[in-house]
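Given chain F, put chain U in place with the hints provided.
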Amino acid sequence: MPPSQTPPPIADAVIRARGLAKHYGGRHAVDGIDFDVLRGECFGFLGPNGAGKSTAMRMLYGFTPRTSGELAVLGMDVARHPRRIKARLGVVPQENNLDPDNTVWQNLLIYARYFGLSRAQARTRAGEALELFALTDRRDSEIHELSGGMKRRLVMARALIGDPELVLLDEPTTGLDPQARRVVWRTLRELRRQGRTLVLTTHYLEEAERLCDRVVLLDHGRIVLAGRPAELIDRHAGELVLEADLSDIPGRAFTDPLPPVTAAAIATSELDHAWVDGTLTVYGAGLQRWKLEQLFERIPVPDAAIRTVRRGTLEDVFLRTTGHALVEGAEA
Amino acid sequence: MTTFETTLATMPDAPLASATVDASTPPDARISLRLTRAVWHRNRDVFLRLWTWLLIPNVVDVCLSMIALGLGLGAVVTGFGGAGYAAWIAPGLVVCSALFSAGFECSYGTYYRMDKQRTFDAMVATPVQIDDVVLGELFYGAFRGTVSASVIAGIFGAFGLFDSWWALLLPAICFASAFMMSALAVTAASVSPMLETLGYWVSFGIFPMYWLSGTFYRPDDFGQPLDTLQLLSPAYHGVSLARHASGTEGAVLSLASLNHLGVLVGIAIVGTWSSIAMMRRRLVR
Numbered sequence: 001m002p003p004s005q006t007p008p009p010i011a012d013a014v015i016r017a018r019g020l021a022k023h024y025g026g027r028h029a030v031d032g033i034d035f036d037v038l039r040g041e042c043f044g045f046l047g048p049n050g051a052g053k054s055t056a057m058r059m060l061y062g063f064t065p066r067t068s069g070e071l072a073v074l075g076m077d078v079a080r081h082p083r084r085i086k087a088r089l090g091v092v093p094q095e096n097n098l099d100p101d102n103t104v105w106q107n108l109l110i111y112a113r114y115f116g117l118s119r120a121q122a123r124t125r126a127g128e129a130l131e132l133f134a135l136t137d138r139r140d141s142e143i144h145e146l147s148g149g150m151k152r153r154l155v156m157a158r159a160l161i162g163d164p165e166l167v168l169l170d171e172p173t174t175g176l177d178p179q180a181r182r183v184v185w186r187t188l189r190e191l192r193r194q195g196r197t198l199v200l201t202t203h204y205l206e207e208a209e210r211l212c213d214r215v216v217l218l219d220h221g222r223i224v225l226a227g228r229p230a231e232l233i234d235r236h237a238g239e240l241v242l243e244a245d246l247s248d249i250p251g252r253a254f255t256d257p258l259p260p261v262t263a264a265a266i267a268t269s270e271l272d273h274a275w276v277d278g279t280l281t282v283y284g285a286g287l288q289r290w291k292l293e294q295l296f297e298r299i300p301v302p303d304a305a306i307r308t309v310r311r312g313t314l315e316d317v318f319l320r321t322t323g324h325a326l327v328e329g330a331e332a
Numbered sequence: 001m002t003t004f005e006t007t008l009a010t011m012p013d014a015p016l017a018s019a020t021v022d023a024s025t026p027p028d029a030r031i032s033l034r035l036t037r038a039v040w041h042r043n044r045d046v047f048l049r050l051w052t053w054l055l056i057p058n059v060v061d062v063c064l065s066m067i068a069l070g071l072g073l074g075a076v077v078t079g080f081g082g083a084g085y086a087a088w089i090a091p092g093l094v095v096c097s098a099l100f101s102a103g104f105e106c107s108y109g110t111y112y113r114m115d116k117q118r119t120f121d122a123m124v125a126t127p128v129q130i131d132d133v134v135l136g137e138l139f140y141g142a143f144r145g146t147v148s149a150s151v152i153a154g155i156f157g158a159f160g161l162f163d164s165w166w167a168l169l170l171p172a173i174c175f176a177s178a179f180m181m182s183a184l185a186v187t188a189a190s191v192s193p194m195l196e197t198l199g200y201w202v203s204f205g206i207f208p209m210y211w212l213s214g215t216f217y218r219p220d221d222f223g224q225p226l227d228t229l230q231l232l233s234p235a236y237h238g239v240s241l242a243r244h245a246s247g248t249e250g251a252v253l254s255l256a257s258l259n260h261l262g263v264l265v266g267i268a269i270v271g272t273w274s275s276i277a278m279m280r281r282r283l284v285r
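Taken in sequence, the protein lines are chains F and U. Using the numbering used here, you'd call the opening residue of the first sequence number 1 and step up by one each time. Using the numbering used here, you'd call the opening residue of the second sequence number 1 and step up by one each time.
So here's chain F without its partners, still in its complex pose (with noise of 0.2 Å):
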């Protein structure tokens, strides 16, 4: 194991799941998973939608309650001591449930008070939240009043009224467009560096590949992958991958196969490949670029074919490690 991947010596386990398990009847949502959070760290829970992330997020806040396996947040055990945790956290849940009945500022002091804080500790929090998420000048708008990227940094800056060491962000960025996400990713830099943890959700790879430390890669309700974003993509995709698009051929169908020549050269080149919806995509993880570059050349593919030689992603660490695309109709 190179030394990048030894663990943090001096931080502790915020989260220690073992055997976690969620079953509706005989779905398995959550299906026994074994992961930590350590503290200080960014962790993220990648997989299309339906794997599992929202259930195991919602199970870390006491919300939905496990059938099976060991859960401890902070060190205490989710169904026992859940007011205490819940104390610590702070939840930016998936929709935006903001309460529409009261304004912005009033939305936090509401919420403040839940966490039992005074009036002016309130007033204190409130401020500095609404100060971090730049949204000090729509203190007294409605909620209906706020754009969708300002509801979702209102969502965030409520999450932080108690002051939580643990934050837990399930899709923090859905719908947004990309400015807003840009704002949403320096916010969250911005909590990391103020020494909290982050827990995130996304089924953006390039928002996790950017943000966190560790990601688990969650299918069917199992962890199918984990580790570092930069490790998985060199092990698993490579530095660069190559992509040739068939399915835009006339006369050729979205479930039509691989032609024969194409097929034969990537046999013979022993080149790991993936050829899901039309779309061809070799991998190069452990070649040189020199090497890898050679290779391509010789993998025929029809003329019309759109042929591309890109950096790899998670994406490409999910496609090939589970064979179907992260996001349905996504372009890998």
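It should be emphasised that the hints constitute simulated quantities derived from the structure, not laboratory data. For clarity, every value in this text was computed on a predicted model and none was experimentally measured. C-beta: ideal position from N, C-alpha, C; glycine also. There may be inaccurate statements among the hints.
Unchecked claim - Partner residues aside, some chain F positions facing chain U, computed with beta carbon under 7 Å:
no.	residue
1	D12
2	A13
3	P82
4	A87
5	A274
6	W275
7	T279
For chain U alone, coordinates are given in the frame of chain F:
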């Protein structure tokens, strides 16, 4: 590709974060009165913000009922004692106004907060637990019912419709009745699959209770089976109690009062239990 590095998800060498409690510490309390109050407080804040919209229609409705029935119908109805029909129906209208406010607030209002606004989800992501949310809703329903009923009682009192100083107990009676009604309403909301299906609660819950509450007639004159049926109307007990207090019939300090109060409290306890249990069933998933 069958084995993956899933072990990197765990960090067995890292010590577990030190807890503020140890294993022998009893579990967190199921109910927190402080947080129940915080939930109530949230609703009260909204009430204070919107009170003209929430309160005035209630008061106007009941005053119109009094004009149409107490004065209009009362002019031709006899046999309700010296103070007449208006004084007879006054305590019932007061209690029923509390029941209506609470019965609607804790069905449509609660459902809306729960399902559309997702306010409950936001609350339980904090130290608040579902039990606190439900109790907070019940106390708010009781509060809202008491406020509007008290305003109405004040108006009726100013017109001399009450014959006893015991009528000052009306807000307390309204509080008990409205709390009971809130508990039933939250139970109805918790089992309602859609906002629209709460119409059943209105048609088969609120209105039967209202008509069979004994507000508009002399309950003792009923024959069977209506006599039994009205005993089943939780509103009947609140209205009877209010009638004792307002001096139209019976005495406050009587076994009958105690009986009615007992039934109210009993239904309130069962309703509170069922509203918490059903809400847990609905929301914990």
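Against the structure, the hints come out as follows:
1. Because the beta carbon of F:D12 sits about 5 Å from the nearest beta carbon in chain U, less than 7 Å, this interface hint is met.
2. For the restraint placing F:A13 at the interface with chain U, the shortest Cβ-Cβ distance is roughly 4 Å, inside the 7 Å limit, so the hint holds.
3. Annotation: interface hint on F:P82 holds; nearest CB of chain U at approximately 6 Å, less than 7 Å.
4. For F:A87, the interface hint holds, the least distance from its beta-carbon to any beta-carbon of chain U being 5 Å, beneath 7 Å.
5. For F:A274, the interface hint is violated, the least distance from its beta-carbon to any beta-carbon of chain U being 10 Å, above 7 Å.
6. With a least beta-carbon distance of about 14 Å to chain U, the hint placing F:W275 at the interface is violated under the 7 Å criterion.
7. For F:T279, the interface hint is violated, the least distance from its beta-carbon to any beta-carbon of chain U being 19 Å, above 7 Å.
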